[in-house]
Amino acid sequence: MIEPAPSDLLNNVAIVLREEVASSIPEGEARNQIKAASVIIRRIAKVWDLIIPTLQEENRDIEECVDSLPESIRNSVESLGSISREIPIAPKFSEVAQRNKFLQEQLLEIHKSADRQNSEEIRKEVESILTNLYRRNLAREKVLADRG
Amino acid sequence: MNTEELERGLSTLIANREPRSDHITITDLRSISGGNARSAYSFDAKWFNGKKDETRKCVLLLQLNKGQLDQELSPEFDLLDFLSKRNIPSPSSYWLDASGHYLGAPGFVMEHVSGRGELRNLLNSKYKVRNAYLAKQMAEAAARLHNVNWNTSDFKSCEIVTKENAAIKQVSIWEDLFLIHRMEPLPILVNAFGWLKRNCPVAERIVIVHGDFRFGNILYEDDKLTSILDWEMAHLGDACEDIAWAYRPLWSPHPQLAFSQFLKHYLKTRSVELNERTLLFYRLFSEVKHAVISLTGANTFAGGGNHNLRLADRMTWTTECLRQFYEWLPSNNGRGL
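Chains H and F, in that order, give the protein sequences. Just so you know, we're using the numbering used here here: the first sequence kicks off at 1 and counts up by one. Just so you know, we're using the numbering used here here: the second sequence kicks off at 1 and counts up by one.
Isolated chain F, as found in the complex (with noise of 0.2 Å):
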């Protein structure tokens, strides 16, 4: 689709989802930085309401290519209405086209929250002081969301899951996408997730888990935190999983903010305990499910499926993340941690 066709497919889209408009007009809309799997476009959009004018800033997700993940996106699209809400910060979802019908690929429209999110700056040490101040706020926004009730009649975006298998499910949905894409037998791998499944802990309390809650994925206006994004992964399951995943070494905020510090601002809103063994467990598990999505992406462009020359070499980066599974796994290999 070229942009005039964009522009049309978008305003017959609010025109459908939103009753009362009337011209509609989409403006400046532009290609902005999305991420492996999807193009993201900014925009505004105006109509008549049939009482006055009314204006959103936008921005558009649409799966064009295969990524290194295809999640189904209505999920997604519930959720951010479900936590816009509940005073998580998160952008609002607008208007959902699951099938395409109107702009041409599987895409939503959501809220434009204003902000940068450059990962350079923010493990940059000499904006330390903000960036520490950030990552405080990050892991109160962590604690935040880990807090919220769930279990209300209007939330209907994650498969429910207990105490006794938060922990199999997920590495279960890994090791389904790993048998799928991989293009050798990876013994490797197959020992990692066998480690995983002999290892499963029982979660504390089931929580939503944002499912790639990292440095990377927030939104800042100077020092204030002013959401997070990318809730593609996000599951019902272990607060552990992203706490261990926000501190991996490839992205961890540690040089801003100590690890001990990060958890001392998480527990000031969120009072409970988090279990040190579970926590081991799912930092061996963020490795091995980031090993598996740097091959997914590999297999996807060895396959044509995309394009993006970023996605070519990605089996280097699974052999980064099995050699930090190795290195931290138990020296019993792990019959009970």
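Same shape as in the complex, but just chain H (with noise of 0.2 Å):
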């Protein structure tokens, strides 16, 4: 069964809680909690079918970065171990999410590893790999946004 969509669902329960629910109530602050529960829900119906994919197009992302930093910075996360890159077909949240906290706790040591080199110029091309990196993850989210 497909029928009622998540999203739909979502927003009718938004809806009713806006229009009808808080409506019904005096003005104050449970008035006001149903009014931030009704935003939350609304959010949540626009954007959860794109959590997963674009948290898995950010997890691709870091990686190819990582690949594609200097040796001497790849190595220093050699410390952090590794985790399986092969995601199932259709992945749970939590396990893109496992992932892309593993990813996260890399690019932490990437930065204390560049804090530590001698050389400028590899410092400088490791800050703006990282730096433009940041900069898609939050065009990713930024599609979210919008959509929410």
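It is possible that some hints are incorrect.
Here are some, though not all, of the chain F residues that point toward chain H, as calculated from beta-carbon distances under 10 Å [to be verified]:
no.: 1; residue: Ile24
no.: 2; residue: Ile180
no.: 3; residue: Glu184
no.: 4; residue: Leu186
no.: 5; residue: Pro187
no.: 6; residue: Asn191
no.: 7; residue: Ala312
no.: 8; residue: Leu329
Below, in silico cross-link-like pairs of lysine to aspartate or glutamate (EDC-like), each with a Cα-Cα straight-line distance of 20 Å or less [said to hold, decoys possible]:
no.: 9; chain 1: F; residue 1: Lys197; chain 2: F; residue 2: Glu276
no.: 10; chain 1: H; residue 1: Lys46; chain 2: F; residue 2: Glu320
no.: 11; chain 1: H; residue 1: Lys92; chain 2: F; residue 2: Glu184
no.: 12; chain 1: F; residue 1: Lys126; chain 2: F; residue 2: Asp223
no.: 13; chain 1: F; residue 1: Lys197; chain 2: H; residue 2: Glu120
I should point out that these hints are in silico values taken from the structure, not numbers from a laboratory. For each residue, glycine too, the CB sits at the ideal point set by N, CA and C.
Reassemble the complex: the two chains are provided individually, in unrelated frames, and hints are given to aid placement.
Quick look at the structure:
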């Protein structure tokens, strides 16, 4: 069964909360809480189906970025071990999120390693690569934000 | 505490703080809109001081829940007292209960200044003439605040900083909060803090910084600015910090008054040059600071310390702040601005 689609279901819940439940409650904290809940539900309704693919794309981007770094920097993340890059065809959020967290840890190590570098040239190169990576991540997040 | 208990607590607090007070009555106690961390109430207090009746219109701020930020109350209380003697538009502070002994939670009572504080109206172009006039008064108020001589014996509310360490102190405060509250590694913010630490400017002069200086924190009556509120993040630092914060895109008065006009009015009262590079640094710092405030709120909600649903989804704000930071970040990635 595909109907009601999760987006429609959540969106309709948000509408009822805002337009019927909230308006039937006197002004005050309870009403504000209902309105805030409605805003969050409406946002999730619009982006829920993009969250996993966006995170997968981010993971791929970070992996390619780490691979492109100078060897002396790349070696710094070896101490973190590795987890498989193999992703199931239909991954769960928790699987993609776990991989993302591991990659974020790698990036932290890379920052530390870059700070320790004697070569100003390498440090600048790493900073430039990572800053561009972060800008791409934010651009992907913006697609979600604009939709929500 | 219910209303009656709070009234009793306030009476006892006043009796303790005003030595010659008798027949204390608390009336019209009601909840008003507070911040995310504090509950606010207005009330009238009346007592006999041995010679005559004294009446004060008051606001009580109570720290009932964990919020986006949990600042100590004493420095803010002392600062309001200091500023009220120097003609800065701010509420006078009356009585402090730092431990919550009287009020059930830490809190303080301050003057109830008349006026409205509605950001939506202040950003509404329908009232552009009035709003521009208010923004000019805000610029003048900032200049007056930054002109205050704090190097006096009765100033005890802020940590002393130097021109050299003012910026790094602020960066460190927000980085520490970030490290406490982050829910994932967030190298994107670690990188932003790295940039800020490498590019801290030296302040031209150390001034009292409001710390949350923006259109949403003013009170006004008709076209007159009556007070500046929310001094909980005040500290000693660089004037550029307040100016940059006031014109953040999220709440900028820009459609009502261009930044150049705001600066013009600021400089009428305070004849100093604001360094452009320092201003850019604090614009970038402001985005990181607000990213951390939002992250802290989201984490506090996630941890059950606050049940305010407006905080639940605040990580979306963090992303927005970081987008602005990386948009403004100099393209050489800041090996010097």
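Against the structure, the hints:
With a least beta-carbon distance of about 29 Å to chain H, the hint placing F/Ile24 at the interface is violated under the 10 Å criterion. Because the smallest distance between the Cβ of F/Ile180 and any Cβ of chain H comes to about 16 Å, over 10 Å, the interface hint for this residue is violated. The interface hint given for F/Glu184 holds, since its Cβ lies 6 Å from the closest Cβ of chain H, which is under the 10 Å cut-off. Restraint check, F/Leu186 versus chain H: the minimum CB separation of about 7 Å is within 10 Å; hint holds.
Interface hint at F/Pro187: satisfied, since its Cβ lies 4 Å from the closest Cβ of chain H, which is below the 10 Å cut-off. About 6 Å separates the beta-carbon of F/Asn191 from the nearest beta-carbon of chain H, less than 10 Å, and the hint is met. Proximity of F/Ala312 to chain H holds as hinted, the smallest CB-CB distance being about 6 Å (cut-off 10 Å). Hint status for F/Leu329: holds, given a least beta-carbon distance of 7 Å to chain H, under 10 Å.
For the proposed pair F/Lys197 and F/Glu276, the alpha carbon gap of about 18 Å is at most 20 Å, so the pair holds. Our distance criterion of 20 Å between C-alpha atoms is met by H/Lys46 and F/Glu320, whose separation comes to about 18 Å. The hinted pair formed by H/Lys92 and F/Glu184 meets the criterion: a straight-line CA distance of about 18 Å does not exceed 20 Å. For a cut-off of 20 Å, the pair hint linking F/Lys126 to F/Asp223 stands: about 14 Å separates their Cα positions.
Of the supplied pair hints, the one linking F/Lys197 and H/Glu120 holds, its CA atoms being roughly 17 Å apart against a limit of 20 Å.
Checked against the numbered hints listed earlier, the structure breaks hints 1, 2; every other hint is satisfied.
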